[in-house]
Amino acid sequence: MSTFMSVSLSGLFTLLEFGATVQWLEVWGRSILIALPVAFTLDMLFGTGLRRMSDRLVDRALP
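In this note's numbering, the protein residues as written are 1 to 63.
There could be a bad hint or two in this list.
Label pairs and their calculated CB-CB ranges [to be verified]:
{"#": "1", "residue 1": "Val38", "residue 2": "Phe18", "range": "46 to 54 Å"}
{"#": "2", "residue 1": "Arg60", "residue 2": "Gly19", "range": "38 to 46 Å"}
{"#": "3", "residue 1": "Leu15", "residue 2": "Val38", "range": "18 to 26 Å"}
{"#": "4", "residue 1": "Gln23", "residue 2": "Gly49", "range": "35 to 43 Å"}
{"#": "5", "residue 1": "Leu62", "residue 2": "Leu15", "range": "15 to 23 Å"}
{"#": "6", "residue 1": "Ala61", "residue 2": "Glu17", "range": "35 to 43 Å"}
{"#": "7", "residue 1": "Ala20", "residue 2": "Thr48", "range": "36 to 44 Å"}
{"#": "8", "residue 1": "Arg56", "residue 2": "Leu25", "range": "28 to 36 Å"}
{"#": "9", "residue 1": "Arg56", "residue 2": "Gln23", "range": "41 to 49 Å"}
{"#": "10", "residue 1": "Leu50", "residue 2": "Gln23", "range": "44 to 52 Å"}
{"#": "11", "residue 1": "Pro63", "residue 2": "Trp24", "range": "42 to 50 Å"}
To be clear, the hints were calculated from the coordinates, so they are not data collected in a lab.
Using N, Cα and C, we set each Cβ at its ideal position, and we do this for glycine too.
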């Protein structure tokens, strides 16, 4: 999940900034190298707690 999110979001936000150009592809490639370890680390630190919290919210929402 962290790989998908880092690739897709870095691609989206750099596309919005640069447009669909060769420069965008270059910046996107570099931004993935930054985003992937950050996303993975955040997932390892907060993933379990956030999943637990979302499970509780779903339990409250469902009858």
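Against the structure, the hints:
1. Val38 to Phe18: 46 to 54 Å: violated (20 Å)
2. Arg60 to Gly19: 38 to 46 Å: holds (43 Å)
3. Leu15 to Val38: 18 to 26 Å: holds (19 Å)
4. Gln23 to Gly49: 35 to 43 Å: Taking Cβ atoms as reference, Gln23 and Gly49 lie about 38 Å apart, which means the hint holds.
5. Leu62 to Leu15: 15 to 23 Å: With a Cβ separation near 37 Å, Leu62 and Leu15 fall outside 15 to 23 Å, so the hint is violated.
6. Ala61 to Glu17: 35 to 43 Å: holds (37 Å)
7. Ala20 to Thr48: 36 to 44 Å: Given a distance of about 38 Å, which is inside 36 to 44 Å, the answer is holds.
8. Arg56 to Leu25: 28 to 36 Å: violated (41 Å)
9. Arg56 to Gln23: 41 to 49 Å: Since the Cβ atoms of Arg56 and Gln23 sit about 44 Å apart, the hinted range of 41 to 49 Å holds.
10. Leu50 to Gln23: 44 to 52 Å: Taking Cβ atoms as reference, Leu50 and Gln23 lie about 35 Å apart, which means the hint is violated.
11. Pro63 to Trp24: 42 to 50 Å: Check passed, 47 Å falls within 42 to 50 Å.
The earlier numbered hints that this structure contradicts are 1, 5, 8, 10.
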